[in-house]
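Q: Here the protein sequences come in this chain order: U and C.
If you're matching positions, the first sequence starts at 1 in the UniProt record's numbering and goes up one per residue.
If you're matching positions, the second sequence starts at 1 in the UniProt record's numbering and goes up one per residue.
Don't read these hints as lab results, they were simulated from the structure.
Computed from a prediction, not measured in an experiment: that's the story for all the values here.
Don't take every hint at face value.
[What the hints assert, rightly or not] If you only want the chain C side, here are some residues facing chain U, beta carbon under 7 angstroms, derived:
| hint | residue |
| --- | --- |
| 1 | 13 |
| 2 | 16 |
| 3 | 98 |
| 4 | 99 |
Every residue gets a Cβ at the ideal spot worked out from N, C-alpha and C, and that includes glycine.
Number of protein chains: 2
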Amino acid sequence: MPNPTAAMLVIGDEILSGRTRDANMHHLAGKLTEVGIDFIEARVISDRTEAIVAALNELRERADYVFTSGGIGPTHDDITADAVAEAFGVRIGVRDDARQLLETYYAERNIELNQSRLRMARIPDGATLIENPVSVAPGFVIGNVHVMAGVPSIFEAMLASVLPTLTGGAPLQSRTIRIERGEGDVARPLSNLAEAYPDLMIGSYPFMDNGIYGANVVLRGTDPERLQEAEARLLEYFEA
Amino acid sequence: MPNPTAAMLVIGDEILSGRTRDANMHHLAGKLTEVGIDFIEARVISDRTEAIVAALNELRERADYVFTSGGIGPTHDDITADAVAEAFGVRIGVRDDARQLLETYYAERNIELNQSRLRMARIPDGATLIENPVSVAPGFVIGNVHVMAGVPSIFEAMLASVLPTLTGGAPLQSRTIRIERGEGDVARPLSNLAEAYPDLMIGSYPFMDNGIYGANVVLRGTDPERLQEAEARLLEYFEA
């Protein structure tokens, strides 16, 4: 059975303008690989409702799980929750349980829960909250879409609470073999190996270290025995 | 007149598996902002022909310029050039000028120009070469699509040679104002500011430094006077 699939939507003008470098995609990629979910696509789009709705509706059809990051804070450019509601065709409003979380948090800190902060309790109808252990304002799950914060520490915390709820497949294992030959010399044996092991993913990543050039060959698959076999065959070739 | 737009396609299983963290998107974002081209979308997809063809045909319709990174080396998983030819419905084969570049480069280094390396001279019909000052194997431009290497040093060098050929708009300027108040206190004045200055993009990015929390407000626009005005108005509000 093939592994379940995931896609990500990074919402943020600050990434596209070059002001901020996204960190959440790389974090998500590592975690999904660990639990055996195939990450098939990531998109970075700007803070525009139409762009979010269109991309979300495409990705949630295509992947088993979708993760969004960004745009769920209190300011005017935080439009993700409303866009998600629009994509699903459901209503959105301040929800009591989310408001309660914010009330408690801000009261303890003597900070006013004003209209702007209250925006963070706006949750589309039918969604389930995702806990935010960093700053309380919750994310949410609706259908197969997981809506999470853009701030990396919060994104990571939300993902940690969501991951155990997902059904993964066989975790992908990988072996990296460093070969100090030009990628052009590695290409032919790799191509043969790929034909003999269609169940493995075989990638080659060139490097150049202090004048030594070569390629890191990465074998990926779910069956450790097949990986070991393929690795042995590759090493044999290059030692011959 | 609105600025021209750009989109990016990052081709690479190694990014989606979490093995490698993409660096080219952030580099491209900064460069596009400098020359006044609006970066509207980036996608990361896997090394599959159908995925590349579909995404490329969507993005080249939507943006004035498209940039791809990855998948133009000599190994079996380097399928970008063939996928681009398929997307444009043109033929692809080894081209004499590209082969000549590789012959000279490898001859000087006493390295065999084998069939695998020769793959890097496969160029779709009608394309123009992009110089690769790092390792010679060229990128290419076809239509509005710029096909470049995934290795960051090569991607950056190729982009540097391509940028002067693009028509930019008014460069986006930005001002960052650090406000040591919770984002929830900044939200209302920012929303007012956004209404008064619809020509500016106004973003708010929360931070927490050694227990001081606040927001970096970023104003972006092409008219320095409008930016200065908006900045003054914001500062006035928070000093009052």
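Q: Would you mind marking each hint as holding or not holding in the structure?
A: Cross-check of the supplied hints:
| no. | hint | verdict |
| --- | --- | --- |
| 1 | 13 | holds, 6 angstroms |
| 2 | 16 | holds, 4 angstroms |
| 3 | 98 | violated, 14 angstroms |
| 4 | 99 | violated, 14 angstroms |
Checked against the numbered hints above, the structure breaks hints 3 and 4 and satisfies the rest.
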